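Participant: Work out the full structure: start from the sequences and follow the hints.
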Amino acid sequence: MLSANMLSEIFEYLELNEIITISSVCRKYRLASNKPSLYKREYIRLFMADSEISQHPSSEWRNLCIRALQINFNQLSFQSPYLNRSDIKFFFNELTSTLQSPDLVFPELRRDYLSFPTLIQDLLGNPNPLERNQYPQVTKKFNTKFNQIKYFFELNPSDFLTNFLQPLSKMIKSQIVNYCKAVDLAIYESISPIEEYMKYWEIYGFTIKKMYTLLYPFMEYFNAELCKNMFENMNFMKFMIQIWIENVFMTRREQIFKEIERVNWKIVEKGVNTIGVFRFKAFIESFLDLSLNEVTLHFKNHSRLQVKGPYRDIHEKVVEFFNVESTLKKIDLDVLDNLYLVWPCVTYRKIVENVINICRNVVEKENFEASANDGDFLIELKAKNLGFSLEDVHKVDRCLNVPIIGFHDDLRSFHNEKCK
Amino acid sequence: MSEITLVSKEGTKIQISSQFSNLSGFIHNILQDYQQNEDISLASVSFINLQMILEYAVHHNFQVPQPPRCPITSPNIADNVSDPWDAEFVNRLNEDQIIDLVTATNFLDMKSLMDLCLAKIACMFKYKDIETLRKEYGITEEFTAEIEEKLKSDFPWAMEAESND
Numbered sequence: 001m002l003s004a005n006m007l008s009e010i011f012e013y014l015e016l017n018e019i020i021t022i023s024s025v026c027r028k029y030r031l032a033s034n035k036p037s038l039y040k041r042e043y044i045r046l047f048m049a050d051s052e053i054s055q056h057p058s059s060e061w062r063n064l065c066i067r068a069l070q071i072n073f074n075q076l077s078f079q080s081p082y083l084n085r086s087d088i089k090f091f092f093n094e095l096t097s098t099l100q101s102p103d104l105v106f107p108e109l110r111r112d113y114l115s116f117p118t119l120i121q122d123l124l125g126n127p128n129p130l131e132r133n134q135y136p137q138v139t140k141k142f143n144t145k146f147n148q149i150k151y152f153f154e155l156n157p158s159d160f161l162t163n164f165l166q167p168l169s170k171m172i173k174s175q176i177v178n179y180c181k182a183v184d185l186a187i188y189e190s191i192s193p194i195e196e197y198m199k200y201w202e203i204y205g206f207t208i209k210k211m212y213t214l215l216y217p218f219m220e221y222f223n224a225e226l227c228k229n230m231f232e233n234m235n236f237m238k239f240m241i242q243i244w245i246e247n248v249f250m251t252r253r254e255q256i257f258k259e260i261e262r263v264n265w266k267i268v269e270k271g272v273n274t275i276g277v278f279r280f281k282a283f284i285e286s287f288l289d290l291s292l293n294e295v296t297l298h299f300k301n302h303s304r305l306q307v308k309g310p311y312r313d314i315h316e317k318v319v320e321f322f323n324v325e326s327t328l329k330k331i332d333l334d335v336l337d338n339l340y341l342v343w344p345c346v347t348y349r350k351i352v353e354n355v356i357n358i359c360r361n362v363v364e365k366e367n368f369e370a371s372a373n374d375g376d377f378l379i380e381l382k383a384k385n386l387g388f389s390l391e392d393v394h395k396v397d398r399c400l401n402v403p404i405i406g407f408h409d410d411l412r413s414f415h416n417e418k419c420k
Numbered sequence: 001m002s003e004i005t006l007v008s009k010e011g012t013k014i015q016i017s018s019q020f021s022n023l024s025g026f027i028h029n030i031l032q033d034y035q036q037n038e039d040i041s042l043a044s045v046s047f048i049n050l051q052m053i054l055e056y057a058v059h060h061n062f063q064v065p066q067p068p069r070c071p072i073t074s075p076n077i078a079d080n081v082s083d084p085w086d087a088e089f090v091n092r093l094n095e096d097q098i099i100d101l102v103t104a105t106n107f108l109d110m111k112s113l114m115d116l117c118l119a120k121i122a123c124m125f126k127y128k129d130i131e132t133l134r135k136e137y138g139i140t141e142e143f144t145a146e147i148e149e150k151l152k153s154d155f156p157w158a159m160e161a162e163s164n165d
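Chains as they are written, first to last, in UniProt numbering: chain A, 1 to 420; chain B, 1 to 165.
Since the hints were derived computationally from the structure, they do not count as laboratory data.
Computed from a predicted structure; not experimentally measured.
A virtual CB, placed ideally from N, CA and C, is assigned to each residue, including glycine.
Be a bit skeptical, because a hint or two may be false.
Just the calculated beta-carbon pair ranges, DEER-fashion [unchecked claim]:
{"#": "1", "chain 1": "B", "residue 1": "Val58", "chain 2": "A", "residue 2": "Arg279", "range": "49 to 55 Å"}
{"#": "2", "chain 1": "B", "residue 1": "Leu54", "chain 2": "A", "residue 2": "Arg27", "range": "54 to 60 Å"}
{"#": "3", "chain 1": "B", "residue 1": "Asp96", "chain 2": "A", "residue 2": "Phe278", "range": "57 to 63 Å"}
{"#": "4", "chain 1": "B", "residue 1": "Asp96", "chain 2": "A", "residue 2": "Ser86", "range": "43 to 49 Å"}
Computed cross-link-like contacts, EDC-like style, restricted to lysine to aspartate or glutamate with a CA-CA straight-line distance of at most 16 Å [what the hints assert, rightly or not]:
{"#": "5", "chain 1": "A", "residue 1": "Lys28", "chain 2": "B", "residue 2": "Glu148"}
{"#": "6", "chain 1": "B", "residue 1": "Lys111", "chain 2": "A", "residue 2": "Glu12"}
{"#": "7", "chain 1": "B", "residue 1": "Lys126", "chain 2": "A", "residue 2": "Glu15"}
{"#": "8", "chain 1": "B", "residue 1": "Lys126", "chain 2": "A", "residue 2": "Glu12"}
Pulled a few chain A residues facing chain B out of the computed Cβ check, cut under 7 Å [claimed, not checked]:
{"#": "9", "residue": "Ile10"}
{"#": "10", "residue": "Val25"}
{"#": "11", "residue": "Met198"}
Facilitator: In structure tokens, the structure reads:
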């Protein structure tokens, strides 16, 4: 007679489908098949890149596995007049295998580093034909099919949307959401969460690029559909990023902030080595990716960086941390420049006061007409912290001629003077 | 020290190379405080199992062999192990003997042989549907018809997974 413990050990040698099947044999088998490590191992084996299995796995892995199998099952049952079952299987296999084992090129080489510092900017900046050439075999198969589908779309657009595009979008979304939940769990259970976070973000970014390329012939329909039904100005990339933010970033937020604080202390203690800088810079870049908006495309040499979301939150934390005179004196600004990409708002009241006064003069002198600029948060944040009125902040925001680069220079010389 | 004496639960003594500690965590720990010519009592291991364990250990020259494939890819154990002798070894045993051997290897903390036995049992489960497993293991229905239906609707691939590939 097999004991429940022995059964659990035996199930280690079975595949996910078989474990699920066996769990329906009887209560004892069901109990024995409930071992979280079984599901974590199988989920990772089937759907994710190798993860560090370091901490006691959560029972949530079982639900993720079941959900993943359900999604696979639904995908295979998906009936469409446009794509047959093998096409659907091909597409989702491509999605799964990319998430599971991407052809990870060294990230820095993958990007056009001189022009675009982040992955998503790279995707925006390097239009699809270049990307498509990276996966000639896959895109060849799909493009032929997609061209036929485009023809169907022209014949009957509403049928195309209802019977093809919407269910396909839902399936992609459900698979990606489930994957992101698993990533979140893997990060949570890892002993080096930030490394895990970065690894999975690189894979995810790569997958976004690849899916974008594969689905390119449909992108305009996809984007129009998303925009119409979900959010304004939504597109495929933003949609994918939003899923990541909701399911990974937001739940790991505190952990990430803690890590940033740890690095900040290292900066103060001058304990950041070259490798550390390199890795952390990539980490910060990933948040720029998440904070994407159209303006960030022009980020390179763009002094009035406009970003939202995670990057802004992180920036606030950095400002908060370094906004102490004793800390500021100790730091190396070059290291900060390197790590945080934009010069963090490490300022003193006096400097901000000066800049805002300059802005006031410019506004008054030139009778500057307000523009619909969202604002330069570098100044906005600090000004708010220092008790300036919103009106002052807006004046600065609206003034296109404010010498922001000069502002940074002022800060630097002020800092250097202080540190002498 | 070249040889140690193991005593089965029936009291039968067997002499074996101390290198056996490479395969058994239990023996490895015992040998830390071992006095020459001291008997090592294995109260949970029968003489028959001990003989099989030693046969396995001698075949592998007291070195840990490559583990079976995990998860297994075929219901035939020979396809899942690198040494065909291992497959022949476990195929000689019936299910009760394998379970006994698992218990003995668990006592001896002998992971390599235990893994082989577990993989062999897993092969007996491989590719079998719910009804076959219930019949083979004499399991009477424990789920109500409602639960059964719910399981089928929750896990449709349990019935249909094979046809999808």
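Participant: For each hint, tell me whether it holds in the structure or not.
Facilitator: Hint-by-hint comparison with the structure:
Judged by the Cβ atoms, the range 49 to 55 Å given for B/Val58 and A/Arg279 holds: they are separated by roughly 50 Å. For B/Leu54 and A/Arg27, the Cβ-Cβ distance of about 39 Å falls outside the hinted range of 54 to 60 Å, so the restraint is violated. About 59 Å separates the C-beta atoms of B/Asp96 and A/Phe278, a value consistent with the hinted range of 57 to 63 Å. For the pair B/Asp96 and A/Ser86, the beta carbons lie near 46 Å from each other, so the given range of 43 to 49 Å is met.
As the CA atoms of A/Lys28 and B/Glu148 are separated by approximately 15 Å, the hinted pair is consistent with the 16 Å bound. A C-alpha spacing of about 14 Å is found between B/Lys111 and A/Glu12, which places the hinted pair at or below 16 Å, so the restraint holds. Note on B/Lys126 and A/Glu15: the hinted pairing holds, with a Cα-Cα distance of about 9 Å set against a maximum of 16 Å. Restraint check: the Cα-Cα separation between B/Lys126 and A/Glu12 comes to about 12 Å, which is no more than 16 Å; the hinted pair holds.
Interface restraint check for A/Ile10: the shortest CB-CB distance to chain B comes to about 5 Å, inside 7 Å, so the restraint holds. The closest approach between the C-beta of A/Val25 and any C-beta of chain B is roughly 5 Å, which is under the 7 Å cut-off, so the hint is satisfied. Interface hint status for A/Met198: violated, as the beta-carbon distance to the closest one in chain B is roughly 29 Å, over 7 Å.
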